[in-house]
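Protein sequences, first through last, are from chains A and B. When we follow this note's numbering, the leftmost residue of the first sequence carries the number 1, and every step to the right adds one. When we follow this note's numbering, the leftmost residue of the second sequence carries the number 1, and every step to the right adds one.
No lab work stands behind these hints, which were simulated from the structure alone. A hint or two may mislead.
Said to hold, decoys possible - Derived lysine-lysine pairs resembling BS3-like cross-links, with alpha carbons at most 30 Å apart:
| hint | chain 1 | residue 1 | chain 2 | residue 2 |
| --- | --- | --- | --- | --- |
| 1 | A | Lys-40 | B | Lys-137 |
| 2 | B | Lys-27 | B | Lys-121 |
| 3 | B | Lys-45 | A | Lys-59 |
Said to hold, decoys possible - In silico contact screen, one side only, chain B against chain A (beta carbon under 10 Å); selected entries:
| hint | residue |
| --- | --- |
| 4 | Thr-44 |
| 5 | Glu-47 |
| 6 | Leu-51 |
| 7 | Ile-94 |
| 8 | Lys-137 |
If you're wondering where the values come from, they're calculated on a predicted model, not measured in any experiment. Cβ atoms here follow ideal geometry from the backbone N, Cα and C, with glycine treated the same way.
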Amino acid sequence: MEKAKVFNKKVHMCRKEKYMESYLQYGEEKIFEAGTVIYKAGDPNENKPIFFITAGLIKIEITLAGGAKFPLYLQPDSIFGLVEPLVECNRLTSAFAMEPSILYSWDLENFELASGVSWELALTSITGLTRLLRILNAEFGEKIGLIKR
Amino acid sequence: MQEKEYDDIMKIAFQAEEAINAHVKEKFGKEFPDKTILIKEGETKQEIYWLLSGEVYITRKMGKKYKVLATLGSGELIGEMSFFDRSVRSATVITRGPVKALVFSKENFSDIFSASPQWTKRFLISLSSRIRLMIEKLVTLQ
């Protein structure tokens, strides 16, 4: 039984690596030390990369009115930095490497190529944005007194 | 799914707006009068609406009243978030005036999404626009 579990896990990992290869080939690997600022809110709209976390921990931070910080933590297999290139605006949030982190980055053109060949990347991106929007909606709901935590 | 219906779904997947003809409207189109609740907070139904005309309020219930979080209009997709993250409906969507929409079951929508990459970009842009709007609201809210 245990052997079967280990085998299934190995098969799953091989499949995962195989499908990851299909979209990571369009990106460029970047390594960030802990504490590195990857980008800051307000950074201009020029060739902004989209990032995929393969290892490490990333903090996305939104500075609210009055200077309060609203942090979100992202783990491997998450995507960030996608909103601004898609809607063509300056960076809305800041991103920091909280641990030594390995990221893959694409420009928008290569991201579109990668998500065109990989249904998994497309789904990861959409579910990532969906979760982010839900978190922001909940925060907004709390701020205007709709939700009590 | 019947063969003809699947053909229609594939047309929508690959041709998007260009596929919307009288036949598609007859098959998937619905008209809703003012103040119709399309989606109710807490529901698990997974219908997806593609607005062809009119506007809807995205609301949350506050006591006996609904608080408007956003207004969405023609061309927008409504209800796709619950489809992607398999969660219950997080808001109530109410029509603001008469609305025409194409209404898809989760099975039809799944076929549309998986058949054509152009829909990925459409969803990503739609979600990103809403995220941008919400961040801008949070940043300026006192």
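Checked hints:
| no. | hint | verdict |
| --- | --- | --- |
| 1 | A:Lys-40 x B:Lys-137 | holds (19 Å) |
| 2 | B:Lys-27 x B:Lys-121 | holds (25 Å) |
| 3 | B:Lys-45 x A:Lys-59 | violated (34 Å) |
| 4 | Thr-44 | violated (16 Å) |
| 5 | Glu-47 | violated (17 Å) |
| 6 | Leu-51 | violated (18 Å) |
| 7 | Ile-94 | violated (16 Å) |
| 8 | Lys-137 | holds (6 Å) |
The structure is inconsistent with the numbered hints 3, 4, 5, 6 and 7, although it conforms to all the rest.
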